[in-house]
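A.B. asks: Chains as they are written, first to last, in numbering that gives the first Met the number 0: chain V, 0 to 393; chain X, 0 to 335; chain E, 0 to 345.
Errors might be hidden in some of the hints.
To be verified - Here chain X is said to cover these stretches of chain E; the calculated rule only asks that three of the stretch's residues, wherever they fall, bring their Cβ under 8 Å from a Cβ of chain X:
#, segment
1, 191–199
2, 206–219
3, 270–284
4, 293–304
Unchecked claim - Mimicking DSSO-like on lysine-lysine, the simulated pairs with C-alpha atoms at most 30 Å apart in a straight line are:
#, chain 1, residue 1, chain 2, residue 2
5, X, K184, X, K313
6, E, K273, V, K40
7, X, K115, X, K313
8, V, K208, V, K157
9, E, K267, V, K154
10, E, K294, X, K311
11, V, K154, V, K208
12, E, K273, V, K154
13, X, K184, E, K253
14, V, K176, V, K157
15, E, K273, V, K176
Bear in mind the hints are in silico, worked out from the structure with no lab data behind them.
Think of the CB as a built atom: it goes at the ideal place given N, C-alpha and C, for glycine as much as any other residue.
Each chain, written out:
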Amino acid sequence: MVRLVEGLLKGGGVDAGVERLAKEVKSLEAYLLAECRDKTKHAERERERDTQTTETLHELDRRVAEALSRQVDVQDGLALFNKLQTSVLLPTGIGTLDALLGGGLREGQITEFFGASPSGKTQVCHCISACAAWLGYPVVYMTSNGSFSPERLVKLSKHVLVHFDLSETEVVESLSKILPNVSVTQVNDTLSLISIFQGMIENFGYLQKHDKPIPKVVVVDSPSLHLYRDLSIGQQNFGKLLMTQLSTAMSELANRYNIAVVLTNHEVRQFSPLRGDGRQAAADRDHVDGPGASPATDQGKPGLGLLWQPQVNVRVHLKMHRVERLDDGLAGGPEGPGKESNERAVVCKATLIKSSTGNCGREAWMIMGNRLIQGIENPHNTENCEVRDVSVWN
Amino acid sequence: MAEVKRARVEGPRGTGRVEVAKVVNMVKDSCARRITTGCPILDETLCGGLRTNSVHEVVGESNCGKTQFCLQLLLTSQWNEEHGGLGCKSLYINTEGSGGITATRLREFADFHASKGFLCGGGEDEGEGLGPAQASLMSMDNIFIERCTTDDPNSLLEVLLRAKTLLEHHNVKLIVIDSIANAFKGMSSSSLDDGGAQKQQHESQRLTQVLYRTMNLLKRYACDYNACVVITNHVADHIERVSVQRATQALTETLCTSGRIVRASLGMGLAQSVTCRYFVSRLEGVRLNENEYDTSGCVRAFEVVFSPFQAKRKTKYIINQSGVWGIPDAVYETGQ
Amino acid sequence: MYSNDSRSNAATSTTTCLDAHLVACPPKLRRALVDAGFNNVHDVCHLSAMDLARELGTTPEEAQQVIDLAKTKAVGAYLGNSVTFRTALELFENPCERIPLGIPRLDAALGGGISAGQVTEICGPPGAGKTQISMLLSVTAIAGGGSTRDSAAGRASCSDRGVLYIDTEGSFVPERVEEIARGVLGSEAATRQLLSQIQYVRVHSQVEQLALVSDLASHLERNRNIKLVVLDSVAFHMRSGATSTSGDKLDFSKRQHSLANMFHLLTKLAVENKCCVWVTNHITVRKAEGGDGAKVVPALGDLWAHVPAERFFVWNTDDFRGLLLHKSPSSPQVLVDLNRETGLFA
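Next comes chain V alone, as it looks inside the complex (with noise of 0.2 Å):
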């Protein structure tokens, strides 16, 4: 967003703007802008050979402002930047995750939370809808492997209550106005879950219309699995074409409604064949992937490929770290050997890999427990006590 309204203000005109947003901004919109563009060159060299009259150049201007002014809403920089700072961050839930996301989740954008299972992507989008259905936004929540929980979901709900320091008796009054608020479904096909979104692109322009409350979080948990099977199919571009219908569809409902899109991804291995090679071809992605896109510290990489990958705003990457016993204290206990206690809680850390205006590479960490999920400061000793998965109970 930054570097739109420096764009527009820098440069000379609307038309330049264009060039910008076509050159440097890597979303769909600046797609559809490029092509509409495109097309009116053409219809610009035709017309040059018909006419060769200047005003067709004007009408085309005309024709490109106007473009823009639907599909982005282009007023002038200083009514943008005003725009971005009015704009509704929505808080997650877990204060350091807040701080990571600056702020919260931003509308309109696209955020994608992977990780390797089990790291807690599904605990993160409970908790985002819980906190939004809080604040009073009617929440979409769809799963592809039915993992929603709505004993979890009341569980994270009243922890955000009295987060908020709420009574008791406020407690259970929010919560039924929280639970109504959250719409969910199973979604079993990438078709499916395309013409969901294609439906809800159409319907919410009439409930705008008629001042009903429209959605303000979208959660989808989690397309890869679907899109992963429609890529494996063979007909490699079968798989590619649904993924970039689903890509455009979320992006064209995240700007047009002002959504928060909350996405999950599974979290794949660099494959390295040869170890001396492949590590080294690792590194060389890196570079061109940016300094950003992958720290060096976390192998992982986001499932999908790389054509998935511009197609997120906002990208952070989960981890668990390890488990521990919630009773001796939430930061730096000790791994209790596998005894009595059944309360134990999960340390994770965040890691922010993509972002527009965050700093990437930054690092939060937050703890899952029973009854809560919160953040914390960075536990110290973090990096000698890596979890062992189930080793670590011995």
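Assemble the complex: chain V is given as a structure, and chains X and E must be docked to it using the hints.
C.D. replies: Quick look at chains X and E alone, frame taken from chain V:
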């Protein structure tokens, strides 16, 4: 490939016809039977003997009596049903190239079994009137021996594919492979040095696939012909500094033989495809103090590592002229 | 990779306005449709093949192909648009059916047991007790959990739920199930009744496994009392079937495709029939990148790891048999000592 074709013909997609069996009927028919080991103490450890319709794996270091145990089974499976056998024939696949010794030892066992009157010629009536010598000789007819000592594990698979006729037409209900580790020896050597070239890694993956296919075929025979499959496996030293072994060790029980910590060969791939695993080991410092047992050999232990139908038990046993015998806990004491 | 990108970007521009269900057309027809201004299945459905052929400038056969596609997809589109959203309140007030594991502490943590409508996985090293727990689950699903130990009370009140046990490894032992059932129920008649509600299928190859799972939907349609499908194990045939026909090179993409299909069918089954799908999985040891360590992960790769909504780990060492709730959307990790909590391994 034949399997694939069959599945396509029998179960075309979308027919919605799923053939199910009711468990209550399976219990009533009690389709699975047991083969006695010939020794009541070992039988008790095994909950009545080796169950058919399953794949049993016997793991142990060399000179633990794995082969002896198998040879004994080749004979006890011929016993008729009132004695605990199946009255069936058996197939013995040898991959270790020690055929000469095997045959002599087998005769020794057979003579003993015949003298006790257990052998009666493969369940056929005419065996009744035979003398022990003849019965012993005839029992050899009921054992098919196949040598398979090449390096290529595919040849083992081929032998097994050919064995189908034996199961179908010759009443073979026991298949013994001695040993599976030898047939797949390429796998362990290449998986050991992890820095190996890509080619070696491919080779190891290919062998794993062949192993899976072999095991699947064995399971299929066990299921289709209600047969019992016994395979033997070697052990390798557990090396603590190899991280993969350390991680595995943290989740499984320790196996100890001759005072060393060991692991079964062929890794988790094999362990995941057998129904039950038994571990045989040599005990150090255990002596017998009674005369009725032959004390020349050392005392060994037979242990159920895992099995879906047997409790974890352990027993001691010895090997003598006449076979493999479990010994009751009371008769030994730990010496110096 | 980059050339692919540019091609797909071109594809984006042609399909931005095209209905999702027409994307499945061949590329040539897709372009013709866009150029002629058709972007909705309903535009195409009511046309005759000849008319459409004229509009698109294609042969009537090709036009018919598009119409057929549009018609089949149009039905799907209506279904797709009628996706029912339910609010979290509804879901909370009508909780899905739970099947108890028969291990009280775990059942409490899970809110009554494993829930219907999702895939639950148990993995562990060979011999740790995956099959035992699966068999226990098959029994408690029917007997109705609760206190499994008070057999003296003679609670012969079996539910009428059914269980389908799919055995790919041949490790299912009917005698053992009978033993477990008798331990839980006590009475002989109740045990027989319980066993008659368990159905069993043996699967011998990957193809059979896929065919069976895709046929299950209609089987469950006819046997509506089946509330639990056990697949023991999902991994064996999947791992053994990764060779291509040439036998030389490993075809992992084929395996990935089978797995993706497996996942699709299983979750669909769980959701549409409101039953629990319980799968067992192998484990594999993965070396840490660059470092010295290694960790134990479920087999079948990273993608499959995301499929089960809940996962258990079971393992067995010399003095401890542990069952760990490793991943769950509703509960933090819970560890129980199986030797102490159940009499299953005594």
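A.B. asks: Decide, hint by hint, whether the structure agrees.
C.D. replies: To see whether the hints hold, each was checked on the structure:
Note: the segment 191–199 of chain E has 6 residues with beta-carbon separation from chain X under 8 Å; the three-residue rule is met and the coverage holds. A count of 10 residues in the segment 206–219 of chain E with a Cβ less than 8 Å from any Cβ of chain X is obtained; the coverage claim is therefore met, three being the minimum. As drawn, the segment 270–284 of chain E meets chain X at 4 residues by the rule of a beta-carbon pair under 8 Å; at three or more, the given contact holds. Residues of the segment 293–304 of chain E lying with their CB closer than 8 Å to a CB of chain X number 3, which satisfies the three-residue condition for coverage.
Straight-line distance between C-alpha atoms of X/K184 and X/K313 comes to about 29 Å, which keeps the hinted pair within the 30 Å bound. Taken as a hint, the E/K273 and V/K40 pair is broken in the structure, with Cα atoms around 55 Å apart against an allowance of 30 Å. For the given pair, X/K115 sits about 27 Å from X/K313 by alpha-carbon distance, which is consistent with the 30 Å threshold. Of the supplied pair hints, the one linking V/K208 and V/K157 is violated, its CA atoms being roughly 34 Å apart against a limit of 30 Å.
The straight-line distance between the Cα atoms of E/K267 and V/K154 is roughly 28 Å, inside the 30 Å bound, and the hint therefore holds. Taken as a hint, the E/K294 and X/K311 pair is honoured in the structure, with Cα atoms around 27 Å apart against an allowance of 30 Å. About 35 Å separates the Cα atoms of V/K154 and V/K208, which puts this hinted pair outside 30 Å; it is violated. As the CA atoms of E/K273 and V/K154 are separated by approximately 24 Å, the hinted pair is consistent with the 30 Å bound.
Pair hint X/K184 plus E/K253 holds up; C-alpha atoms about 28 Å apart against a cutoff of 30 Å. At roughly 12 Å between alpha-carbon atoms, V/K176 and V/K157 fall within 30 Å of each other, so this suggested pair holds. Distance restraint check for E/K273 and V/K176: the Cα-Cα separation of roughly 28 Å lies within the 30 Å cut-off, and the hinted pair is therefore satisfied.
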